[in-house]
Amino acid sequence: MVKQKFYLNQMISRAGHDILSSKSVSHTDYCSKPTEKDYLTSCFFIYQNGNFSNNDQAKQQGDSIKFRGKVPGFKADEQPVFSISMLTNLTPSVVSKWIHNYDHLKLNCNWSDEQAMSIMRSIMAPDIFKLVSEENTANDMLVLLQKTVFPKNHYLSHRENLEKLRYLQFKNIKSYLNKFEELLENANMCLDPEELIKDREAFDLFHMGLLNTHKRTLRLQDCRNIDKAVLIIEGLESNNDIPEKEKIIENKKFKFSSAEQRNEPTIKDKKKGKYKYCAYHKWGGHTSVDCTKLKERKSNLNSNAFTIKEVEMVPEKLSISCKLNNHLTELTIDTGSSENVLSYSKAKELNLCIKKSQTNTIIQVASSEFLNVLGYADTILYLPELNKSLPITFKILDKFVDDIILGVKFLSKNKIDILFSSNTIRLGENYIQLSSPFSNLSLPDQEILEKTKCLLIDSRVKLHVDDFIKSSKTLGEINNIEHEINLTTDATIYSKPYPVPLSMLGQFKVKVQELLDKGIIRKSSSTIVSPCFLIIKKTGDLRLVIDYRKLNSITQKSFYPIPKLSDQVYSLKNCIIFSKLDLNSGYYQIKVKESDIYKTAFTTPFGTFEFTRMPFGLTNAPRTFQRAMNDILCHLPYVRVYLDDILICSKNSNEHIKHIIEILKILLNNNVTINVDKCEWCRTEVEYLGYIIDGEGIRPVTSKLFKDINFKTPKNRKELQRLVGFINWFRDFIPNLSSRITCLTRMTGKNSIFKWSDECQKV
1 MVKQKFYLNQ MISRAGHDIL SSKSVSHTDY CSKPTEKDYL TSCFFIYQNG
51 NFSNNDQAKQ QGDSIKFRGK VPGFKADEQP VFSISMLTNL TPSVVSKWIH
101 NYDHLKLNCN WSDEQAMSIM RSIMAPDIFK LVSEENTAND MLVLLQKTVF
151 PKNHYLSHRE NLEKLRYLQF KNIKSYLNKF EELLENANMC LDPEELIKDR
201 EAFDLFHMGL LNTHKRTLRL QDCRNIDKAV LIIEGLESNN DIPEKEKIIE
251 NKKFKFSSAE QRNEPTIKDK KKGKYKYCAY HKWGGHTSVD CTKLKERKSN
301 LNSNAFTIKE VEMVPEKLSI SCKLNNHLTE LTIDTGSSEN VLSYSKAKEL
351 NLCIKKSQTN TIIQVASSEF LNVLGYADTI LYLPELNKSL PITFKILDKF
401 VDDIILGVKF LSKNKIDILF SSNTIRLGEN YIQLSSPFSN LSLPDQEILE
451 KTKCLLIDSR VKLHVDDFIK SSKTLGEINN IEHEINLTTD ATIYSKPYPV
501 PLSMLGQFKV KVQELLDKGI IRKSSSTIVS PCFLIIKKTG DLRLVIDYRK
551 LNSITQKSFY PIPKLSDQVY SLKNCIIFSK LDLNSGYYQI KVKESDIYKT
601 AFTTPFGTFE FTRMPFGLTN APRTFQRAMN DILCHLPYVR VYLDDILICS
651 KNSNEHIKHI IEILKILLNN NVTINVDKCE WCRTEVEYLG YIIDGEGIRP
701 VTSKLFKDIN FKTPKNRKEL QRLVGFINWF RDFIPNLSSR ITCLTRMTGK
751 NSIFKWSDEC QKV
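The opening residue of the sequence shown carries number 1 in the working numbering; numbering runs sequentially from there.
If you're looking for bench data, these hints aren't it; they were derived computationally from the structure. Where a beta carbon is used, it is the ideal one built from N, C-alpha and C, also for glycine. One or more of the hints may lead you astray.
[Stated by the list, open to error] Keeping only pairs whose Cα atoms sit at most 27 Å apart, straight-line, the calculated BS3-like set for lysine-lysine is:
id	residue 1	residue 2
1	K415	K198
2	K591	K537
3	K164	K215
4	K388	K413
5	K346	K409
6	K537	K550
7	K580	K651
8	K97	K152
9	K665	K388
10	K323	K415
[Said to hold, decoys possible] Label-pair distances were calculated between CB atoms; the ranges are:
id	residue 1	residue 2	range
11	T213	K415	25 to 33 Å
12	E514	E662	29 to 37 Å
13	K665	S495	40 to 48 Å
14	T292	K665	46 to 54 Å
15	E201	L144	23 to 31 Å
16	E514	R216	51 to 59 Å
All chains, full assembly: derive it from the sequences and hints.
Structure, rendered in C-alpha cells:
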C-alpha cells in the first residue's frame, strides 16, 4: 500500500515534466520496479487490455482498484501502477479527492474517452453512476458530478468554514494546513475556473486563522506565501516560541467541552486547593470576586449608559468612504460601540434633520467622558462601490472626538462582516476595502509592488478620483487667470507657412480639426501670423508647435519667478510617500485674454487659426502657468509645484490620503482637470524633475543620461567642455567635485592648451 502511494505521488509530481516528454528515461528515475506480488495481492485488481483480471475476487476483497500506466520511457511489463478508491458516497471531501485522483489517473494511463467512460462505471457505485450516466463524455460526467456535489450556492458556506478555521483547533501547523487545503479545495470546486480563489486571497484566508505571534513573524519576514509561512511557523513550534498567554487569549474565541480545554480548574486542581480562577478573564491568578474588570463591567451595566471602547486585537480605527445625505464623508467602524453616533456639528454640516430625544440618555465614550444624547437623525447611507443604499439612524451627541461612528448593531442588522486579515468588509458576495492607520503602508494588508515601488491605492483615494472624473470637464478652465500678451510695438508680423510633408498632411488636418472641436483654436483673420509645424512625440502622437520667435521678440517680458529645481527637491525631508499629478493639457487650461487672442494666430495649409487657450512657445507662458499653480496650491506645505509637475509628499500613509483628498478638492473647485491615467498614486519612490526621490533621500536619474552619453576620451576642447558640463550636473551629489576635476576644468578656457594626460584619464 505504501509503495503504491509512492508510485502515485512520484508520477503526479513529474507528470508535467519528463514523463510527458518523449525522451527515453529509466524507470528508476521515478519509482522502484513493481513486482507481480504488488500487482495482484490484497484488495487490488488490475485493469489492462480492456479487461479486469481477478475481477470477482477483487470485488469481494475491497473497493480500491489498481491500473497499469502507459508512461513514456517504461517497458510494457515495467509500467508503474496507480490506484483509485471506489466512489461510494457523495461526501464533499471524498468527491474532491476522488476527482483529483481520477484526473491524474486518466492522464498517466492515456485512456481514450470510451475507455474512460467504461472504467468510470466500474469505479463508481451504481447509484452514483446513474446520476451522471446521461452525459456523453467522461469529462462531462466529471463536470456534472462536481456541480451536483459542489453547487455554486454552497460556495459561501464553504468560504465561511475557511474564515472560521483557527490554528488553535489543531495540534500543529501541518494539521491546520491539511484542513485548510481541504476546505479551500471544497470552496474552489463550487467555482468556475476563472473564478477560483487566487493565491493572494488564499494566503489572506490562511493568515486569518493564525496567532498574533505568527502574524508578526510573517510580517517581519515579508512572507506572502503559504508554503514559506508553514516553514516559518514550524520553526516557531520547534523552538516553542508561542507565548502561553497569547494561546489563552485566543482560546477565549472558542468554546471547548472540557474544563481543562477552557483553562478552568479541574476537579483534581480543586482537591489540591487551586481555587483561583477568574470566569471573566478565563485564567487564574485571581478569583471572579476579586476581579476589578468584572466589577467595572457590572457597574456600567447597571447604569443607562453604553460604552464605546476599543477592542483588543483589532485595528485602532477602520474607516469606510460613503455618502450620507448626498455628502461624501468617512465613517469610523467601532467594534466596541453598539450604536451609531454623530456629533451635532457634523449633523448640521450634512444637513440632517435632527429629532429631539424623548428621554434623557447618557453615553460614555472611550475617554470615560459622559455625553448627552441631543436626539437622533434618520438618513440614507450610500456605498458607491456597491451602488447600494442602506437606511441608518444616528444618535446625535453635543460633543464627540470622532465625527461619525458606525456601531455593531447596524453591521449585524445589515449582515455586514468585517474581515480584519484582509481589511475588508463583506456585504453579501461583495467586498469593500477599508482604511486603517496600518493598512495603507504596513504589510501584510497593503503589499508593496517591487517593480513599481507603489502601494495599493486606498479605497478613499479611488472614491475621490472617481468623483473627480465624473464632476470635471474633459478640459479644465482655471478660474481667475488669463494670459496677456503685451507688445512693445504695433508692428505687423507675417511668416510664410512651413512646408508640410505629404505623408503628414492628413494627420496635420486631423490635429487642427481636433483642436477646433475642443474649442482650443478658432479661425482667424489676424495681421500677426506665425508659422507652425508638427513633431512626433515618444508615444507616436503628433504635437502642433508654433514658431513664436518673432512675436516673442516684441513681447514685454514678465518677471514672475520660476522656482529653482534644487529648492523643490531638497526640501522633501522625512517624506516617505509620494503622489505625482499630471494635468490634462496644462497650458490649454488657461484662457488667453480676449483682446490678445489675435496675436496667437498661426498659418497652416488649411487656413489661419488663433488660440483661445494659452499655447506652448509664448515667452511668458511658463510664468503665467506657474503663477496660476502657485495661487491655487502654494499655501499647502506638502505640495511641490514646478510648472505642470505637481508632487504630493507626506510623512505617513494616513496623512498622505488626507493630502491627496484635499488637493483633489482644491483642483476641482478651481476647474483644474488631471489626466488620471498618467498620475502616480501612493508611491514609495518617484521620479521628479530629473531626480529619484524616496524615504532615504534623493539621487539623480542616471539611466537615461548614461545611455545617451558617449564616454570616449575627449579629442579636443569642445568635447572636453561637454564632458565637464555633464559631470557638473552631479555636483550636489559628489563631495569636493571642483578639486577632483581641476585638471579638466583648467583646459576648458580659451587660451589653455588641450593635452590629455594620465591624471585626466584617472578622473
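Going down the list of hints, with the structure as the test:
1. Only pairs whose Cα atoms come within 27 Å are accepted, and K415 paired with K198 is accepted, the gap being roughly 25 Å.
2. A hinted pair counts as satisfied when its Cα atoms are at most 27 Å apart, and K591 with K537 qualifies at roughly 25 Å.
3. At most 27 Å may separate the alpha-carbon atoms for a hinted pair to count; K164 and K215 meet this at roughly 17 Å.
4. Between K388 and K413, the direct Cα distance comes to roughly 15 Å. Compliance with the 27 Å bound is thereby established for this hinted pair.
5. A C-alpha spacing of about 21 Å is found between K346 and K409, which places the hinted pair at or below 27 Å, so the restraint holds.
6. Under the criterion of a C-alpha separation no larger than 27 Å, the hint pairing K537 with K550 is consistent with the structure, at around 25 Å.
7. Pair hint K580 plus K651 holds up; C-alpha atoms about 15 Å apart against a cutoff of 27 Å.
8. The suggested pairing of K97 with K152 holds, with an alpha-carbon distance near 19 Å, which does not exceed 27 Å.
9. Restraint check for K665 and K388: the C-alpha separation of about 24 Å stays at or below 27 Å, so the hint holds.
10. For the hint linking K323 to K415, the alpha-carbon distance of about 19 Å falls within 27 Å, and the restraint holds.
11. For the pair T213 and K415, the supplied restraint of 25 to 33 Å holds, since their beta-carbon distance comes to about 32 Å.
12. Separation of E514 from E662 is about 34 Å and conforms to the stated range, judged on CB atoms against 29 to 37 Å.
13. Look at K665 against S495: about 45 Å separates their beta carbons, and that is inside 40 to 48 Å.
14. Our hint of 46 to 54 Å for T292 and K665 holds, since their Cβ atoms are close to 48 Å apart.
15. A C-beta distance of roughly 27 Å is found between E201 and L144, which places it inside the suggested range of 23 to 31 Å.
16. Taken as a hint, the range 51 to 59 Å holds for the pair E514 and R216, whose Cβ atoms sit roughly 56 Å apart.
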